[in-house]
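Peer 1: As a plain string of letters, each chain reads:
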Amino acid sequence: MFGEKTAIRMRPDYFPFTEPSAELAVTCFVCGGPGCPVCKHTGWVELMGCGMVNPVVLQNCDIDPDVYSGFAFGLGVERVANAVYGIKDIRQYYENDIRLLEQFKR
Amino acid sequence: MKITYNWLKEFVKVDLPVRDLSVQLTLTGPEVASAKPVGISRENEDKIVLVKIGDINPHPNADNLRIANAQGHEGNYRIITNSKTVEKGDYVLVALPGAKLPNGMEIKAVELRGEKSEGMFLGKDSLNLEEKSTDVWRLGREEKKARSLLHEYSKEDHVLEVELTSNRSDCLSVIGMARETAAMVNKDLKTPEPKVTETTEEIPDIQIKDEDLCPRYSARILRDVLVTESPDWIKRKLELCGIRPINNIVDATNYVLLEYGHPMHSFDLDRLEGQKIIVRKASRDEVFRTLDGQDRALTDKMLVICDEKKAVALAGIMGGENSEILPTTRNILLESAYFEPVSIRTTSKKDGFKDRIFLSFRTHRRLGHHHHRPGPLRRDHPGEFSRREGLEDAR
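The listed protein sequences derive, respectively, from chains G and L.
Quick note on the numbering used here: the first sequence kicks off at 1 and runs consecutively.
Quick note on the numbering used here: the second sequence kicks off at 1 and runs consecutively.
Isolated chain G, as found in the complex (with noise of 0.2 Å):
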């Protein structure tokens, strides 16, 4: 999806309500890797935020956990669409210039 090129990076993270949790992220696609304002220098961009749900969430939602395992996510569409088309910034989604729309005539 993202080219040849990209490399992927999961990397554990923390959220109260998965456990574990894990963040992804893909090889900066503006700068390729040493760093730039749109990766914040680091080369990676972040994709999504996820982890195995936390089994008292399942509980209380009245899942027996021992029975039911959740696998969750969250992503930002915007960010992906960056990475798929090479846009810098996820406010020119909603700043309705044409000359922007126009490029996704189907």
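Bear in mind the hints are in silico, worked out from the structure with no lab data behind them.
One or more of the hints may lead you astray.
[Said to hold, decoys possible] As a list, the in silico DSS-like pairs of lysine-lysine whose alpha-carbon atoms are at most 27 Å apart:
no.: 1; chain 1: G; residue 1: Lys40; chain 2: L; residue 2: Lys132
no.: 2; chain 1: L; residue 1: Lys36; chain 2: L; residue 2: Lys9
no.: 3; chain 1: L; residue 1: Lys36; chain 2: L; residue 2: Lys13
no.: 4; chain 1: G; residue 1: Lys40; chain 2: L; residue 2: Lys100
no.: 5; chain 1: L; residue 1: Lys88; chain 2: L; residue 2: Lys2
no.: 6; chain 1: L; residue 1: Lys124; chain 2: L; residue 2: Lys88
no.: 7; chain 1: L; residue 1: Lys310; chain 2: L; residue 2: Lys350
no.: 8; chain 1: L; residue 1: Lys2; chain 2: G; residue 2: Lys40
no.: 9; chain 1: L; residue 1: Lys195; chain 2: L; residue 2: Lys9
no.: 10; chain 1: G; residue 1: Lys40; chain 2: L; residue 2: Lys124
no.: 11; chain 1: L; residue 1: Lys47; chain 2: L; residue 2: Lys145
no.: 12; chain 1: L; residue 1: Lys88; chain 2: G; residue 2: Lys40
no.: 13; chain 1: L; residue 1: Lys124; chain 2: L; residue 2: Lys84
[Stated by the list, open to error] Simulated restraints on C-beta separations:
no.: 14; chain 1: G; residue 1: Glu4; chain 2: L; residue 2: Lys36; range: 43 to 49 Å
no.: 15; chain 1: G; residue 1: Glu4; chain 2: L; residue 2: Lys13; range: 35 to 41 Å
no.: 16; chain 1: L; residue 1: Pro192; chain 2: G; residue 2: Glu19; range: 49 to 55 Å
no.: 17; chain 1: L; residue 1: Arg78; chain 2: G; residue 2: Val80; range: 41 to 47 Å
As the structure is a prediction and not an experimental result, all values here were calculated from the model.
Glycine included, C-beta positions come from ideal geometry on N, C-alpha and C.
Put chain L on the given structure of chain G with help from the hints.
Peer 2: Then chain L, alone, in the frame of chain G:
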């Protein structure tokens, strides 16, 4: 949270270069957001030198500039500066052409408004020793002191900025990060062994009125201390980690905070009425001034440290102006305690405290107060306290 690479290495023998260590730690859990080089690198050793300002005069064509003639060991230099504060006789650092500063800047000989400059006087920020300097770094007016100061601050090191998730408060200290590093690279954690070189028979008068909010309070009395400047090596470590050095007593507790992650506080014993400590909830509408000069309105939910008559500190958050260590302080009550984390958090939110100190009590939420060690062990942390008769390093 900032720690330094060299400080971390005091507790774990990791031979990974900074870059690799940062990447690996990030992959394991604690995110190393940045690793900034500080000090003077080997390549720059002969290009960043200590000089003494021989004379300094206004620039003929620029109001905000002055031209200085500076003398160093290897030669004399003509330097143009926009500094408002340097004077004849000051020792400063000059970066000569060819020097590459950590921020990427390369020094060249230039001409400014028709006058030549053979280099540049440096602010502490040019060596990443602080975020943003307001002026050129002055190292004093005595050569020996200036050289010794330079020797300490020029040491090559890196400041690691670590971003932690709220479940990892165990890493909120040098030793915490060292423990994580040791587990990661499969080496031993070198546990610190503080030496107590003085014994005391004096038992402080402590009364805990609220055991739920304060399960444990320990303290020690230190008599005949001399409040003075901390040694350069302590000041440097504090500054690099974003804490401003104040005096040897306050700096010692901050040093312990950075290193162990345990917050401690010093009270001027003679300013504690009754020379005692009472740990209790505040009364509604009790007013109290914290040592940042702000008046705080207390509620009956907040835990305060008090003397016989009044509140002297907001437990686990900030000390009061009424008991703070002054240059004339002679006797100290040193506190090492454990306070209930949720209460600390609630109280600090009420008044908008951003101090990182209360974050440390999160550690205790994880580890419980079993991890809390008695005050006396901490008190002799190297190089902290001085006696009236003279300076005496405990290390």
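Peer 1: With a cut-off of 27 Å on the C-alpha distance, tell me whether Lys124 of chain L and Lys88 of chain L pass.
Peer 2: holds, 20 Å
Peer 1: Has the given pair, Lys40 of chain G with Lys132 of chain L, been kept, meaning a C-alpha gap of at most 27 Å?
Peer 2: Measuring from Cα to Cα gives roughly 20 Å; hence the hint holds.
Peer 1: Does 35 to 41 Å hold as the CB distance between Glu4 of chain G and Lys13 of chain L, or does it fail?
Peer 2: Once the Cβ atoms are compared, 40 Å apart, the range 35 to 41 Å for Lys13 of chain L and Glu4 of chain G holds.
Peer 1: Does Lys124 of chain L pair with Lys84 of chain L here, judged by a C-alpha cut-off of 27 Å?
Peer 2: holds, 15 Å
Peer 1: Take a quick look at whether Lys2 of chain L and Lys40 of chain G sit within 27 Å of each other, Cα to Cα.
Peer 2: Satisfied, since the Cα-Cα distance of roughly 18 Å is no more than 27 Å.
Peer 1: Assuming the hint says 49 to 55 Å, is it satisfied by the Cβ distance from Pro192 of chain L to Glu19 of chain G or not?
Peer 2: Check failed, 32 Å falls outside 49 to 55 Å.
Peer 1: Take a quick look at whether Lys310 of chain L and Lys350 of chain L sit within 27 Å of each other, Cα to Cα.
Peer 2: Holds, at roughly 21 Å.
Peer 1: Between Lys40 of chain G and Lys100 of chain L, does the CA-CA distance stay at or below 27 Å?
Peer 2: holds, 24 Å
Peer 1: Has the given pair, Lys40 of chain G with Lys124 of chain L, been kept, meaning a C-alpha gap of at most 27 Å?
Peer 2: holds, 25 Å
Peer 1: Quick one: are Arg78 of chain L and Val80 of chain G within 41 to 47 Å, going by C-beta?
Peer 2: At 58 Å between Cβs, range violated.
Peer 1: What's the verdict on Lys36 of chain L and Lys9 of chain L, does the C-alpha distance respect the 27 Å limit or exceed it?
Peer 2: Answer holds: Lys36 of chain L to Lys9 of chain L is near 16 Å, not above 27 Å.
Peer 1: Do the alpha carbons of Lys88 of chain L and Lys2 of chain L lie within 27 Å of each other, as the hint requires?
Peer 2: Outside the cut-off at roughly 36 Å; violated.
Checked against the numbered hints above, the structure breaks hints 5, 12, 14, 16, 17 and satisfies the rest.
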